[in-house]
Amino acid sequence: MDILDAIHANLLSPAVLFFGLGLVAALTKSDLKFPEPLYVALTIYLLLAIGFKGGVAIAEAGIEKVWLPALAAMALGALIPLWTYPVLRFGGKFSAVDAAAIAAHYGSVSAVTFIAATNYLKAINQPFENYATAFLAVMESPAILVGVVLGKMATKSKGGSDFSSIKTAIHEALFGRSIFLLVGALIVGWLCGKPGMDKVEPFFVTPFQGVLALFLLEMGTVAGRRVGDLKKVGPFLLAFGIVMPLLHGGIGVWLGKVAGLELGGATLMGGLAASASYIAAPAAIRLSLPDANPTFYLTSSLAITFPFNISLGIPIYYEIARWLYR
Amino acid sequence: MDILDAIHANLLSPAVLFFGLGLVAALTKSDLKFPEPLYVALTIYLLLAIGFKGGVAIAEAGIEKVWLPALAAMALGALIPLWTYPVLRFGGKFSAVDAAAIAAHYGSVSAVTFIAATNYLKAINQPFENYATAFLAVMESPAILVGVVLGKMATKSKGGSDFSSIKTAIHEALFGRSIFLLVGALIVGWLCGKPGMDKVEPFFVTPFQGVLALFLLEMGTVAGRRVGDLKKVGPFLLAFGIVMPLLHGGIGVWLGKVAGLELGGATLMGGLAASASYIAAPAAIRLSLPDANPTFYLTSSLAITFPFNISLGIPIYYEIARWLYR
Amino acid sequence: MDILDAIHANLLSPAVLFFGLGLVAALTKSDLKFPEPLYVALTIYLLLAIGFKGGVAIAEAGIEKVWLPALAAMALGALIPLWTYPVLRFGGKFSAVDAAAIAAHYGSVSAVTFIAATNYLKAINQPFENYATAFLAVMESPAILVGVVLGKMATKSKGGSDFSSIKTAIHEALFGRSIFLLVGALIVGWLCGKPGMDKVEPFFVTPFQGVLALFLLEMGTVAGRRVGDLKKVGPFLLAFGIVMPLLHGGIGVWLGKVAGLELGGATLMGGLAASASYIAAPAAIRLSLPDANPTFYLTSSLAITFPFNISLGIPIYYEIARWLYR
Amino acid sequence: MNTYPMKLVTIVCEAYAQDTVTKLLNEVGAHGWTLFAVEGDGSQGKRPADIKEFANIQIEAVVQPEVADKLLERLANDFFPRYAMIAFESEVRVLRREKF
Amino acid sequence: MNTYPMKLVTIVCEAYAQDTVTKLLNEVGAHGWTLFAVEGDGSQGKRPADIKEFANIQIEAVVQPEVADKLLERLANDFFPRYAMIAFESEVRVLRREKF
Amino acid sequence: MNTYPMKLVTIVCEAYAQDTVTKLLNEVGAHGWTLFAVEGDGSQGKRPADIKEFANIQIEAVVQPEVADKLLERLANDFFPRYAMIAFESEVRVLRREKF
Ligand SMILES: Nc1ncnc2c1ncn2[C@@H]1O[C@H](COP(=O)(O)O)[C@@H](O)[C@H]1O
Ligand SMILES: Nc1ncnc2c1ncn2[C@@H]1O[C@H](COP(=O)(O)O)[C@@H](O)[C@H]1O
Ligand SMILES: Nc1ncnc2c1ncn2[C@@H]1O[C@H](COP(=O)(O)O)[C@@H](O)[C@H]1O
Ligand code: NA
Ligand code: NA
Ligand code: NA
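Residue numbers (this note's numbering), protein chains in the order written: chain A, 1 to 326; chain B, 327 to 652; chain C, 653 to 978; chain D, 979 to 1078; chain E, 1079 to 1178; chain F, 1179 to 1278.
One thing to keep in mind: the hints can contain errors.
Said to hold, decoys possible - Pairs of lysine-lysine, DSS-like flavour, derived with a Cα cap of 27 angstroms:
1) D:K1077 <-> F:K1224
2) A:K33 <-> F:K1224
3) A:K33 <-> B:K359
4) A:K194 <-> A:K65
5) C:K685 <-> F:K1224
6) C:K819 <-> B:K355
7) A:K122 <-> B:K520
8) A:K33 <-> C:K685
9) A:K29 <-> D:K1001
10) D:K1001 <-> A:K33
11) C:K717 <-> C:K774
12) D:K1048 <-> E:K1177
13) F:K1201 <-> C:K681
14) F:K1201 <-> C:K685
15) C:K884 <-> F:K1201
16) E:K1124 <-> C:K883
17) D:K1001 <-> A:K232
18) F:K1277 <-> C:K883
19) F:K1248 <-> D:K1077
20) E:K1101 <-> C:K804
21) A:K33 <-> D:K1024
Hints are computed from structural coordinates only; laboratory data are not their basis.
Construct all of the structure, not just a fragment, from the sequences and the given hints.
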């Protein structure tokens, strides 16, 4: 009954419980609403903190340990849309542009899910490679670009204005707020190394878990406000939003093992593969595929896959990893 | 001269001094103004932190220790409006709806006053029951509901639109932002217990006193901007805003003792009874008794009672407790 | 090669690297933008923290140690505009009111530069007088007042409405947000002393360096957005913005030594003299000399002098101090 | 481009009134609204927007003329006596008549 | 419902001008105003609203026609030369004439 | 004071459209714009402004009548089908004709 214990422990962590509290707030129509600047401040903090820590870890581990699994992660991200697209297009009967948009989200990653996974491992005292943040950083963009190309090929006829240029997508995928903060902080951390960490540790590391709990409370209200959209997306997408993470989680863990990671790192790569982006991808897709319907990609990634992953998914990927690493 | 020493020590704490600084800022018309989202962020933090800590404390103490004094606190909150209403109505010549509104505020509680009281006890090394937050949580709503009913009975004739339905009042009193955060965090803390606390302590506990100081600076400017309204409320309400807290403080301490609390816990119950709400109650009252004049209830609770309690009141209630527990 | 090492170490500190990251964000047109309330919150935090710490340091050192160097600092601030004004007026061919405005900025000081300097000294384990914050506090206003008087004398003819009364300037220079917070927190810290510090240390001191790094990221984007204005200000102001800090830095260090400070304190006084205000002074000048062109004073202080000081200037002033204190 | 006349009704009021006002908008037949936080000064004194709870909001709705009439009437009768509030209407022109 | 014609004067300007503009509103006889922070672009360049100190605000006042005239005149003479600013007026209709 | 008639075009849309809309404003010949974050409700559902990424903005531009026409036409053709958005124009009067 190991897996049930794992799930149970995860469900009783402050972060997950606060997420649940946020859901309750939205569903009971409490007037609890985080002001938008607080939301922005929290995302900035979380991305900088995780990026900086990862950069310091790369400096300590040496880039030669990192590049191979990072490359594997990147490839996985780019490939995921190639099979999710037909599943959505032909299995789910979505329009080409909607299928491409959703596929982009599931190939890309969710930083908060990653953070929740590191949190989980820490809570159960499972060591992991700190430089795994590098995988998060490189997995964010490729799938978005692939998805945009898929979507463009399908909607070539339309055009004219520069709405939907691939250039917009590339700029957004590389210089969008979240990827910029993450990669930027990674580089800063890598340049500073340990001495830099000593200075900012009490701000970026010590209170980190508490800030995450606060942020997940907010994410709970955000997801909760979209629960009403679940009816609009239909049963196919509902199932997709849970089955795909399980599949990708398994593939990610396996790939992590193949790429030479330890148990902890492989779990994180599983969580990354399983996660769907709900910040970077929506921004880039809204700008470059404006004809895709946001209700589909946002609801599935934010109101289905994200809650699934942080509550049940992560412990499951961990158990998969334990099974593979026996 | 114990009580003067106690007051002196309290006045020289960073929290109270920063409150004074905020008052000065408002009175000298400095352009110091906290942006509203910062105010919201600080209240969210304080309510979550105090609630979470209280919940963990309940988990450790066991619910069987908490329920009796909590019930006593709740009853006290519900009863206070029953005597403050006639005092205001007949002593102060306030209209029925204004009297009911003010009574609701004084029966309800101020979370920040409670926090300041715990701060004070910590500063003088006086132990107290950490689960006292539960009393704060249960004392917020009952008086508001009682006050709304009193006000409705007085203004029955008017009606029509659903402005002022009791339903609105109940929803606001139970799912309003502040009560929701407090009770929600209490439950989360209670579910997580000590292991959860270990994770978030560096965020929710360690920097807590500093955040409180920052918040009180802001509250000083808010109260200071209402100092001009003191003229509008008249001498009766001025006196009411100081005499009532003293009376209720005494009753609260005594009730705490009767309910089996230690010296510290009784002081906190005194502080709660003495405090007047200026966040939850105004919101609920404005929505359910829109004919009541906000200048009266806001000015008295925010610009008279609140500063009185955090500067002089708390040390006084503590001395009352020491005298009762000799 | 000491000075190159010093600069190198400074450039690799998290604070300076994050500033660079912010510059990159602005120049690559990433959509990274701190919400304005976060900016305000960070400045409030930094000013309160540095002020409070300085106040506690004064309480511990005794006012008799502080007053002489503080007076010297104040005099230096007031005098700087007297020579920078003619340099700008006749060397740079600026209009009288523009010259006065820029002179006011260079006589006044930048709190963030001061903080970065203390950071630098801490990083290289160079002790310094903690009460140096008092110099920061007293140097902010005098130059602004001198500059406004210079500007008024030049533009006497125009007038009429109360736009540009000296009274406005005085109120702004004394009760403006930044000076109010700094001086207020200094007094609060001085009244609380060590016992107060113990309570709020985990909030105001421990995470301080991390918050500074976050803030400098933001300042990087702010400065970066003004890089385009560098063309508008011309080569004279570009040179002025680097040469003047070097000159004033040297004078400040020397004056610090004369006034009896240790090596660390003299470095800080050098940094203060070298720094140009970009918060308090622009506000006061915009209100009291509305005919002066903000592009000149803002671009030079914010996009030239500020980045110069925090990257190269501070280590240079330190080396000057080391040379003087041999 | 053909444009069609509509009324823009602007309401500035204390934030507490938000739910009741948007409910009223639905009732009288508005198909949308836009809302933002503001500071203000008026007969009931300054509203400095320092605390969320005492802040002001501005609500704007583009509606058909009949709807504007109904809306203003309801505001005058039920809301003006109770809340710190102003409301005014102006003429605007829109493209998609059917949307409003 | 009887409605009465009034002028809505809208001013967009740098935040520094807030105090002097609201003072001017009082002087010329406005009985209230509403204000909020905005971003903008104009002849004096982008104002990204990143720093409170360099931000823009929009001020709106519903006033009687004579007041609008006086207000615009004072803005044109004293404010336009000094501040990054635009101002315009439009026709609105209100319910409670005496309030404005 | 001489005032001159201009059009005020108001656009409420999802924040993602900001860059393309301001670009369009430049293209059609607007000389400035003002922008702020709003919440809203409309045919595409509530936009609660909780996350920056899904928020609404309101953009206002004072322009010459021809520019307003061009602007509305482009909005109707290229933007309305793609974005959650409304747009409307109204008459305003300004002082410095040459500025707009
Ligand atoms: N003449 C006016 N022009 C613009 N806004 C106003 C005016 N009068 C009042 N307001 C706004 O409406 C709110 C409520 O007005 P009042 O009920 O008069 O206090 C004020 O806080 C202002 O934001
Ligand atoms: N044509 C316009 N339409 C709307 N807002 C404008 C316009 N021109 C200028 N503004 C606003 O007024 C501010 C000051 O304008 P300016 O003095 O032209 O830089 C700008 O930052 C914009 O917010
Ligand atoms: N009738 C209306 N009046 C005012 N604002 C509206 C109206 N309809 C829509 N909006 C605004 O325009 C946004 C997009 O509208 P829609 O495309 O209908 O969802 C909404 O979120 C509202 O902010
Ligand atoms: Na993924
Ligand atoms: Na009470
Ligand atoms: Na200086």
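These are the hints, each one checked on the structure:
1. With a C-alpha separation of about 16 angstroms, the suggested pair K1077 (chain D) and K1224 (chain F) falls inside the 27 angstroms cut-off, and the hint holds.
2. At most 27 angstroms may separate the alpha-carbon atoms for a hinted pair to count; K33 (chain A) and K1224 (chain F) meet this at roughly 14 angstroms.
3. With a C-alpha separation of about 21 angstroms, the suggested pair K33 (chain A) and K359 (chain B) falls inside the 27 angstroms cut-off, and the hint holds.
4. With a CA separation close to 18 angstroms, the supplied pair K194 (chain A) and K65 (chain A) stays within the 27 angstroms bound.
5. At roughly 25 angstroms between alpha-carbon atoms, K685 (chain C) and K1224 (chain F) fall within 27 angstroms of each other, so this suggested pair holds.
6. Restraint check: the Cα-Cα separation between K819 (chain C) and K355 (chain B) comes to about 14 angstroms, which is no more than 27 angstroms; the hinted pair holds.
7. Using a Cα cut-off of 27 angstroms, the hinted pair K122 (chain A) and K520 (chain B) holds, with the two alpha carbons roughly 16 angstroms apart.
8. Annotation: proposed proximity of K33 (chain A) to K685 (chain C) holds, straight-line Cα distance about 21 angstroms (limit 27 angstroms).
9. With a CA separation close to 15 angstroms, the supplied pair K29 (chain A) and K1001 (chain D) stays within the 27 angstroms bound.
10. For the given pair, K1001 (chain D) sits about 19 angstroms from K33 (chain A) by alpha-carbon distance, which is consistent with the 27 angstroms threshold.
11. A threshold of 27 angstroms between alpha carbons decides the hint, and for K717 (chain C) with K774 (chain C) the separation of about 22 angstroms falls inside it, so the pair holds.
12. For the given pair, K1048 (chain D) sits about 21 angstroms from K1177 (chain E) by alpha-carbon distance, which is consistent with the 27 angstroms threshold.
13. Annotation: proposed proximity of K1201 (chain F) to K681 (chain C) holds, straight-line Cα distance about 15 angstroms (limit 27 angstroms).
14. Taking the CA atoms of K1201 (chain F) and K685 (chain C), the gap is near 19 angstroms; set against the 27 angstroms cutoff, the hint holds.
15. A C-alpha spacing of about 24 angstroms is found between K884 (chain C) and K1201 (chain F), which places the hinted pair at or below 27 angstroms, so the restraint holds.
16. This hinted pair checks out: K1124 (chain E) and K883 (chain C) have alpha carbons roughly 16 angstroms apart, not beyond 27 angstroms.
17. With a C-alpha separation of about 24 angstroms, the suggested pairing of K1001 (chain D) with K232 (chain A) holds against the 27 angstroms cut-off.
18. Of the pairs offered as hints, the one joining K1277 (chain F) and K883 (chain C) holds, with about 24 angstroms between alpha carbons and a cut-off of 27 angstroms not exceeded.
19. Of the supplied pair hints, the one linking K1248 (chain F) and K1077 (chain D) holds, its CA atoms being roughly 21 angstroms apart against a limit of 27 angstroms.
20. A C-alpha spacing of about 22 angstroms is found between K1101 (chain E) and K804 (chain C), which places the hinted pair at or below 27 angstroms, so the restraint holds.
21. The straight-line distance between the Cα atoms of K33 (chain A) and K1024 (chain D) is roughly 25 angstroms, inside the 27 angstroms bound, and the hint therefore holds.
The structure shown violates none of the earlier numbered hints.
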